[in-house]
Amino acid sequence: MTGGVGLSDDPRSDRQLVEDGDFDAVYYRYRDWVASLAFRFTRNHEDSLDVLQDTFVYLASRFPSLHLTASIKTLLYPAVRNLSLELIRKRRRVTLDDAGLDILPAPLEAADDRGELLAALSSLPATHRRVVVMRFVDDLKLEEIAQVLGIPLGTVKSRLHNALQMLRADARTRRYFEI
Amino acid sequence: MTDDSRDPEAPSRLVDDLRSLYAKPPPAPAHLDAAILNRARAQMLRHRWRKRLLWAGATAAAACVAVVTLLSVQSSSKPVDIVDALKLAHQIEAGKGRDVNSDGKIDRADVDALAMMAVRLNGGVR
Chain L
442 MTGGVGLSDD
452 PRSDRQLVED
462 GDFDAVYYRY
472 RDWVASLAFR
482 FTRNHEDSLD
492 VLQDTFVYLA
502 SRFPSLHLTA
512 SIKTLLYPAV
522 RNLSLELIRK
532 RRRVTLDDAG
542 LDILPAPLEA
552 ADDRGELLAA
562 LSSLPATHRR
572 VVVMRFVDDL
582 KLEEIAQVLG
592 IPLGTVKSRL
602 HNALQMLRAD
612 ARTRRYFEI
Chain E
52 MTDDSRDPEA
62 PSRLVDDLRS
72 LYAKPPPAPA
82 HLDAAILNRA
92 RAQMLRHRWR
102 KRLLWAGATA
112 AAACVAVVTL
122 LSVQSSSKPV
132 DIVDALKLAH
142 QIEAGKGRDV
152 NSDGKIDRAD
162 VDALAMMAVR
172 LNGGVR
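Quick note, the sequences are listed as chains L and E, same order.
The numbering used here numbers the first residue of the first sequence as 442 and each following residue consecutively.
The numbering used here numbers the first residue of the second sequence as 52 and each following residue consecutively.
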């Protein structure tokens, strides 16, 4: 994606951008991240663009009186997730629970090594899998994950640690941990 | 026991493959940025106007309350005359009346106080 010349490299913090009322800068900083997240949840390009649009319109509705206490990602993530769920339910008339979103990867092109990774990932407890995906795919910091999920930071760390231990012990993913 | 003091790291190859499981979306059309930003600006403008209307409404309501209070104070400030003192005397005899001089008692002294107000030069305005 293009656009927002130099804006995504803006040195100001999220809080500063909000205090300055610079919505455009926030948009260009998080547009691609939101688009990727929406695409992961919806698995449909058109739907992800709708979610992208709705997410930033939602943010705009809160922007003038917004007082950031954490990263803006902690505000955007639940919005993208909920808007995606709503759209999936509406368009496809399927019943999909919140946890289901994390085990819906983009279709694999061929039965390669990643099929085993996907199988191993799917075998993790939903709570652990979610933390793994949020940390390594969605690129959220541990503090941000704790904030989004509303759980203590220690719990996030312990879930992530345990999930990695399970993947290390799993024959399908052990090779990733061998030097 | 887990080590809570650091961020658990995953092998970079695992992270790369995890990310590739979830493919990146194709680029969004160029006109979308402008469309989204325009909708967002319109939304912020609506929000600002709602806020201003709310403020205007609150200010108008406060002004109304102030005017009503002022009018009621003015209407209760009509001059008293000697007839009011006479009425109070009758009321006190009948066991009613009011404490005009604020001494905690309702008696003849209240009638005197009202009579004094009635003969004041400023027209007996309370």
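Just so you know, not all the hints are guaranteed correct.
Quick list of in silico lysine-lysine cross-link-like pairs, BS3-like style, CA-CA up to 25 angstroms [what the hints assert, rightly or not]:
id, chain 1, residue 1, chain 2, residue 2
1, E, 138, L, 582
2, E, 75, L, 531
3, E, 138, E, 156
Please keep in mind that the hints were generated in silico from the structure rather than gathered at the bench.
Verification of the supplied hints:
Only pairs whose Cα atoms come within 25 angstroms are accepted, and residue 138 of chain E paired with residue 582 of chain L is rejected, the gap being roughly 82 angstroms. For the suggested pair residue 75 of chain E and residue 531 of chain L, the alpha carbons sit about 23 angstroms apart, so the restraint of at most 25 angstroms is met. Of the pairs offered as hints, the one joining residue 138 of chain E and residue 156 of chain E holds, with about 17 angstroms between alpha carbons and a cut-off of 25 angstroms not exceeded.
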